Amino acid sequence: MPHEPVAVVGVGQTRHAAARRDVSIAGLVREAALRALADAGLGWADIDAVVIGKAPDFFEGVMMPELYLADALGAVGKPMLRVHTAGSVGGSTALVAAQLVKARVHTTVLALAFEKQSESNAMWGLSLPVPFQQPLLAGAGGFFAPHIRAYMRRSGAPETIGSLVAHKDRRNALRNPYAHLHEHGITLEKVQASPMLWDPVRYSETCPSSDGACAMVLTGRAGAARSPTPPAWVHGGAMRSEPTLFPGKDFVSPRAGKECAADVYRQAGITDPRRQIDVLELYVPFSWYEPMWLENLGFAAEGRGWRLTEAGVTGMDGDLPVNPSGGVLSTNPIGASGMIRFAEAALQVRGRAGEHQIDGARRALGHAYGGGSQFFAMWLVGTDPPAG
Amino acid sequence: MTRRRHAGDVAIVAFARSEDRPYDEGITEAEMVMPLLREVRERTGLSAADTDFTCSGSSDYLAGRAFSFTMALDGVGAWPPISESHVETDGAWALYEAWVKILTGEADTALVYAYGKPSAGEVRDILSRQLDPYCTAPLWPDRVALAALQARALIDAGHTDEDGLAAIAARGRAGRTGTAGPPGPSPRGEYVVRPLRTGDCPAVRDGAAAVLLAARHRAPDLCERPAWIRGMDHRIEAHGLGVRDLTDSPSTRLAARRAGAFERPVDTAELHAPFTSQEVVLRRALGLGPEVRINPSGGALAADPVMATGLVRIGEAADRIHRGESRRALAHATSGPCLQQNLVAVLERDLEREEESDAP
Amino acid sequence: MPEPPRAPLRVEFPFTRSLGPVLRAFLTGLRERTVLGVRATDGRVLVPPVEYDPVTADELRELAEVGPTGTVTTWAWNPAPRRGQPLATPFSWVLVRLDGADTALLHALDAPGPEAVRTGLRVRIRWARDRTGAITDIACFEPFDSAPGRPATAHDGVFADPVAEITAPARLDYVHTAGRAQHAHLTALADHRITGERCPSCRKVYVPPRGVCPVCGVATAEQVEVGPRGTVTTYCVVNIKAANLDVEVPYVYAHIALDGADLALHGRIDGIPYDRVRMGLRVEPVWLPGGAHPDHYRPAGEPDAPYDSYRELL
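First to last, the protein sequences are chains H, X and E.
Okay, so the first sequence: first residue is 1 according to the UniProt record's numbering, each after it adds one.
Okay, so the second sequence: first residue is 1 according to the UniProt record's numbering, each after it adds one.
Okay, so the third sequence: first residue is 1 according to the UniProt record's numbering, each after it adds one.
Simulated from the structure, these hints should not be mistaken for lab results.
All of these numbers come straight from a predicted model, not from anything done at the bench.
Note that beta-carbon positions come from the ideal geometry of N, C-alpha and C, so glycine has one too.
Some hints could be false.
[Stated by the list, open to error] Not everything, but these chain H residues come out facing chain E in the computed CB check (under 10 Å):
| hint | residue |
| --- | --- |
| 1 | Gly-74 |
| 2 | Ser-127 |
| 3 | Arg-274 |
[What the hints assert, rightly or not] Facing chain X, a subset of chain H residues (Cβ under 8 Å, in silico):
| hint | residue |
| --- | --- |
| 4 | Gly-77 |
| 5 | Val-130 |
| 6 | Ala-256 |
This is chain H alone, in the form it adopts within the complex (with noise of 0.2 Å):
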């Protein structure tokens, strides 16, 4: 008997916002995973298992906060699984849920990620200082900005490209009711003359800092079978990781991140990455990372991913759409951002993706990163169920 394939029958997130002032932490992840049923057209004791993912947990200043969620995931006498791997946490979190179907463990998983950032300060919690190590210099932006620059000069990009991205992602997310940043008058002028923060990074660059959640329901064939909407299957699914600091560590193009690409492409039977998927929703905190994860996941020849940015290819209407949900840069609850990427992968594929669907979407990549460019998350969902 073959192993279980695996579906995503429902989908929900927050409406993502800088502080949710309306609700608890619990009353957070609530409107994530209720959606998420409803999308499934399931209830609370359909669910066999709950698999949570976050990033650090002083972000909340909660320790282990899956023991204080139990109540309000309906998880009380089932497992429930917390998974932590930095910033690709959303995304390991979607495939632990996943493995579970697979091999047969559990029936029907809800997969949940969250962040609550507004209950503290993340720069303060990514930022704890630790005796006889020399304090961060720079802020967030400035570990990233550095390696966009060897970017820059590795690849030869015209400077503009960080902009281009930036004002894609950001009039995406005016499509998509969810997104944190609703920025209506956005320009490319506009993002061009934003302050340089972190030269070469620019404000308009960065992603926002954001309280939100999102959850999905994952099943196999017979939830499948019976669910009210088109499914996405799950083609493919792997995790890499690498150490921190290392000699010859790249940062640009990290090969944890195409091992990963690589054993989700050998999986999915994909051989020409650009040709046979057909929309990408990337990991993108800073605008620069569009043009290097291209490269690094195989859509473009090392040095030219900048280029498909440039053509317009990553655009709504291009013929490799990136981010059309809007991406990091519109939307950032740290612990969640990696799960919203595999979500809107499988919302595209779907048919579900609402102002922002990409006509005719059958397979779509859901990618996520975390801690210094070291921890990869990836999967492939499409329209039809998997062969074999």
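Given the coordinates of chain H, assemble chains X and E onto it according to the supplied hints.
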């Protein structure tokens, strides 16, 4: 597509735990974990390159820094990049994730490790941050206080008394084995939070553990007597202390039933009971009689490397099967205040499998 | 081996917690000396209230007022109160089922000693003088002889000026101990020398040393002095003031590969206008009296390193 695997198709083939340290001598997370990985690899002959999946358990709050698990990854040798994941809880749940990974057929072997350096902080206070952040955490009830409330409820219900708890404390400290180091004192001691005395409380230690898992077709080559995982399950209860019956552990019982614990008797049980009173709760929930050997390792009372303690229980139970000292053992891990969340694994030396009719 | 250096690490933050309707009503009620519970799907009144049913997961919104008196369901005598706990003198932790409630609330009981406490003891709330809408508006419980039995009564949860959010300060104290490799590195830094460690397997030099080569997964031990000069491999210009950093913007934050090191460390560049810093710039450390690390790096006055000489370190 590979043949579907069943619960019993995975075995624990090696276990190692560190010497438990009462205080930090400047050993980094990577330095704690690295010798254990070498030990389990050497014992089995399984190389890092031949390990298909790696999963670890630890806590940022315990370490006092965000992303603390990335430090331990330095000791793994994650190059070329590895398929890897992490749970923010006891390593027993990392073992669960790795077990599932092997059941999917995506991996044949897996490395699981966990570590805790509770000496860096006040674990009593740190664990109070697990409580509901609106009505309970602001009162800073520490973990001994919560366990003491549970112990009093047990005494009131007539399930034990202070002498009964003292007997468990004495056995726990006398019984520790092998790698756990010299036994600690076993006084009844002063009340920490009444009715719990120092002897009823865990010896909090810095420590780590590592386990190797292998699928059915690999395990016999890596280990003379693999400890087959008959079943494994975990369950969570409601969070509110006032909502639960603190004298019972229905989640442990349910997990044990799902893991197959009640199908046949076990000869050994490794219970993750940081407090003597919690062993009483667990024995009752699991229906363990006097014929079952409880915590021959000394349990959490002898050494509590927080976030590794549960994984150590599974490893110790497996090791008794490896050594031929047990035929069927139950291992238990817990998380959360007053046993809120519980995991049970049933390990067997001679697994009776249901053969598949459509096997090739 | 001498004792490694240790230093305190305080993790402290005043978390702000938004509430949602049930918790808002409960905490505002405490400010007004009113205890509210919530009615569960099975009809029980839960105090403290929860937003979601612990059995059915239903959303719970029906509030009910319970009494300020109640019965101890279990207790634990705390002879040595810890920071943040409700009372500074020895007290009893208690779970109290308030009159009209079906579940118990955790709090402290002020009693003269353990002999004065028992399960079944009747108690009442001692309200804090200054109440803000927090669980600590209940200062503690105190023994109080009264007849049990008052049932819960329906409550609409409406109060004037409801609490919008709570601030939950949290402080945890840790002691950080430097590892062996870090200790050796710090010792050298005190002499204004920068050292790394060489991997016995791949021979690469790590600066600062981590005690282990993460590529090979083996311990490093061989000390190697590197620098003092190095090459800027990449950088950014910081225009936004970072919290708790006393440096005027703009400044340059750079990755610097010290001569002899196989990976770059991070540092600030000064002694040159920020817009003239470039990849390949040769720099040297500048030490200030009492500084544990180089304060910054400045141009070394050498020609720039060619790109190919450091591209592998990028």
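How the hints compare with the structure:
A distance limit of 10 Å between C-beta atoms decides the matter here; for H/Gly-74 the minimum to chain E is near 3 Å, and the interface restraint holds. The criterion of a C-beta within 10 Å of any C-beta in chain E is met by H/Ser-127, whose closest approach is roughly 8 Å, and the hint holds. Checking H/Arg-274 against chain E: minimum C-beta separation of about 26 Å lies over 10 Å; hint violated. For H/Gly-77, the interface hint holds, the least distance from its beta-carbon to any beta-carbon of chain X being 6 Å, beneath 8 Å.
The criterion of a C-beta within 8 Å of any C-beta in chain X is met by H/Val-130, whose closest approach is roughly 6 Å, and the hint holds. Using the Cβ-Cβ criterion of 8 Å, the hint placing H/Ala-256 at the interface with chain X is satisfied: the shortest such distance is roughly 4 Å.
Checked against the numbered hints given earlier, this structure breaks only hint 3.
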